[in-house]
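Given chain G's structure and the hints, the job is docking chain Z onto it.
2 protein chains.
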Amino acid sequence: MPNKFARRMGTVHRSFIREILKVTADSEIISFAGGLPNPELFPVKAMDIASREVFAEIGASALQYSTTEGDAGLRAIIAKRYEGRGLTIDPDSILVTTGSQQILDICAKVFLDKGDKVVIERPGYLGAIQAFSIFEPEFVTVSLEDDGPNLEELEAAFKDGAKCFYAVPNFQNPSGVSYSLEKRKAVAELTDRYGVLFVEDDPYGELRFLGEDLPSVYSFCKTPGILCGSFSKIAAPGFRIGWVVAEKEIYDKLVIAKQASDLHTSTVAQAIMRRYMESNDIESHVALIKDRYGRQRECMVEMINTYFPDSVSITKPEGGMFLWATMPEGFSSMDLFDLAIKDKVAFVPGRPFYTDDSGENTLRLNFSNSDEARIEEGIKRLGKSINSFLE
Amino acid sequence: MPNKFARRMGTVHRSFIREILKVTADSEIISFAGGLPNPELFPVKAMDIASREVFAEIGASALQYSTTEGDAGLRAIIAKRYEGRGLTIDPDSILVTTGSQQILDICAKVFLDKGDKVVIERPGYLGAIQAFSIFEPEFVTVSLEDDGPNLEELEAAFKDGAKCFYAVPNFQNPSGVSYSLEKRKAVAELTDRYGVLFVEDDPYGELRFLGEDLPSVYSFCKTPGILCGSFSKIAAPGFRIGWVVAEKEIYDKLVIAKQASDLHTSTVAQAIMRRYMESNDIESHVALIKDRYGRQRECMVEMINTYFPDSVSITKPEGGMFLWATMPEGFSSMDLFDLAIKDKVAFVPGRPFYTDDSGENTLRLNFSNSDEARIEEGIKRLGKSINSFLE
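Respectively, the protein sequence lines represent chains G and Z. The opening residue of the first sequence carries number 8 in the working numbering; numbering runs sequentially from there. The opening residue of the second sequence carries number 8 in the working numbering; numbering runs sequentially from there.
Just so you know, these hints were derived from the structure itself, not from any lab. Treat the hints with care, as some may be off.
Since copy identity is lost for identical chains, a pair holds within one copy or between any two.
Unchecked claim - For lysine to aspartate or glutamate, the following DMTMM-like pairs were computed, each having C-alpha atoms within a straight-line distance of at most 25 Å:
#1 11 with 162
#2 11 with 120
#3 192 with 160
#4 124 with 259
#5 52 with 64
#6 323 with 219
#7 11 with 167
#8 29 with 99
#9 11 with 259
#10 11 with 254
#11 387 with 342
#12 52 with 288
#13 87 with 219
#14 11 with 199
#15 255 with 309
#16 11 with 256
#17 124 with 363
#18 190 with 120
One chain only, chain G, in its complex shape (with noise of 0.2 Å):
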């Protein structure tokens, strides 16, 4: 056979992330590298409660297949919680997915044709481009400032041809940056303007653990746009629950792209979540993750500033997982790596959330999964490596 796969499967590569947890599973090196959440704060109690009264009182329709569009009670609830947030959502607008990484391989499969333009964010999320890379689209970037997407390259994106603008307006992975009210705005003016589908992707919204909470780009869009949302930072990934919120013309192609994938969510894992949620105090757990966030965050900006040399530039997030970090120009954050790695230290390289080959020179830190003693220690020796490499 001459073309044994798919000419996509020449364009998408294994995650290089998930390539690097591997080198550092090796129990002396503190990571930052990863993105989870910290298992301490996974409500393991409560989710054992949840099951059990799922098993005693729905068991058998817990274990069978359900609907494409999954389990009424969760979708109302999740419904219910942005009401909290300021949004009118329908729970029939609400279709449950396998995590929120499935969101973006169903939104590829409906809007996507090969060579369709699609805009992301510079650095932009990994899981994105690499759902979005099966589809062959082009990718058109655009610099993300420390309030937001730089709008004459968006509105130059838009004028374009752009079909798609996927963001993280909140605390974005990898940058750590949101956007100000001002720029959610005029993001959503602008995709309203050019007709452009704009996807928000918003796993870390409700991790905000410093500022005000501002209301999503989706509630200032007129266009009918997407909301994607997850339970996996606010309780606990291991389930594979996330959700998109889209109105009826969009929403019928997405349950048509779910089906297609894997008929629906795993309807146990649905009814588990929904059981916490209807039990539990949802809100102050958030509270809880959001305050041990906050205190990981605060050290590691204070660690930095005691241990990096003044020429590397970091961003202040107010809130998620993530901090990026931004050295002089001409150094590589790859040979970094190897010599963080000897120091016993690991950091995500940049280079993997660019699609044009840039942003070599600077590098993603995680502060959600060490705490406060292990930050302490991984920054000095992350401070040590830096300077003799920026020497």
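Chain Z alone, transformed into the frame defined by chain G:
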């Protein structure tokens, strides 16, 4: 936007079966339409115990992100069980998937470029038609005879440049047909000779209640093929856990596609299934299912012989969950469906299982999800509808 949706969405339709299931929600209707396992046989208590043990022993890690490849212990169990069926499978060649539907999606991603020729059985499995359609291949169908595919048609399709052949050799959905030993060998010989990738879907293989177990086509293939399996029919479908076996070069590509699709299958669901498999005698459980389905199938065939006119022919499945009926040419099972619904009985018209708009006079009957009393009453009602319809 002139092209709001991707071109592919024009050719993919919502599952007709899932639409039918809505019509049949009326509790007075006896439905042979669904494709559900019998929930009375779900191991609810054992799953409850397994889940308690998981939360008690590995709670936090069962709630965390995990590897794309899947739980190592679960993969070892899957490999071990193949031994009992005469196949030596390396656990590292097993990728856990979100149901076996996902295998079809990731196989399509890895292998199918637009316009590639994919061979399927006529009638064919609807989930595969849907999953593949997203990637816009050209479907080439081969007639399914009582003992497997028509070999002349298959060879002609292979000669004409087919890239892969997707088939369900054991108790096929929708027809209930199984391949004879001779046809298994012949299919393997043809795929080898023409270098066609064979994708063997085997969700029902362990549910044989008549005749002798036969080796998989996969075991006869010299060129590496793909073997798919699932816990949905032997344990419970609500977990959405399937798996695919493939040799390394293909495996690595499947992992990349899976990662882009949903990162990994639910950690919690995999942990509970693994514990369930470790602590219970699955072989006795499968024996229980086979006994029940065997009796239900026997009852259905007997009732059909009693109540259907002789002009309607049926398959005589030796396992699985479905039986296939063919009316004389010129009669439409879509029209019969409307009549049957008035008589409070439902089935699936055969048309959606054909990609060429044929099969108008065929219908699928499910026997796994109705007890013998309901089968007797339901087939009596359907016999009445058919008799008046064919008059």
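Evaluation of the provided hints:
{"no.": "1", "hint": "11 with 162", "verdict": "between (40 Å within a copy, 19 Å between copies)"}
{"no.": "2", "hint": "11 with 120", "verdict": "both (22 Å within a copy, 10 Å between copies)"}
{"no.": "3", "hint": "192 with 160", "verdict": "within (16 Å within a copy, 60 Å between copies)"}
{"no.": "4", "hint": "124 with 259", "verdict": "within (23 Å within a copy, 28 Å between copies)"}
{"no.": "5", "hint": "52 with 64", "verdict": "both (18 Å within a copy, 11 Å between copies)"}
{"no.": "6", "hint": "323 with 219", "verdict": "within (15 Å within a copy, 67 Å between copies)"}
{"no.": "7", "hint": "11 with 167", "verdict": "between (35 Å within a copy, 16 Å between copies)"}
{"no.": "8", "hint": "29 with 99", "verdict": "between (41 Å within a copy, 16 Å between copies)"}
{"no.": "9", "hint": "11 with 259", "verdict": "between (34 Å within a copy, 13 Å between copies)"}
{"no.": "10", "hint": "11 with 254", "verdict": "between (39 Å within a copy, 14 Å between copies)"}
{"no.": "11", "hint": "387 with 342", "verdict": "within (18 Å within a copy, 75 Å between copies)"}
{"no.": "12", "hint": "52 with 288", "verdict": "within (14 Å within a copy, 28 Å between copies)"}
{"no.": "13", "hint": "87 with 219", "verdict": "within (21 Å within a copy, 55 Å between copies)"}
{"no.": "14", "hint": "11 with 199", "verdict": "between (43 Å within a copy, 14 Å between copies)"}
{"no.": "15", "hint": "255 with 309", "verdict": "neither (47 Å within a copy, 46 Å between copies)"}
{"no.": "16", "hint": "11 with 256", "verdict": "between (37 Å within a copy, 10 Å between copies)"}
{"no.": "17", "hint": "124 with 363", "verdict": "within (15 Å within a copy, 34 Å between copies)"}
{"no.": "18", "hint": "190 with 120", "verdict": "neither (29 Å within a copy, 40 Å between copies)"}
In terms of the numbered hints stated before, the structure departs from hints 15 and 18, listed from lowest to highest.
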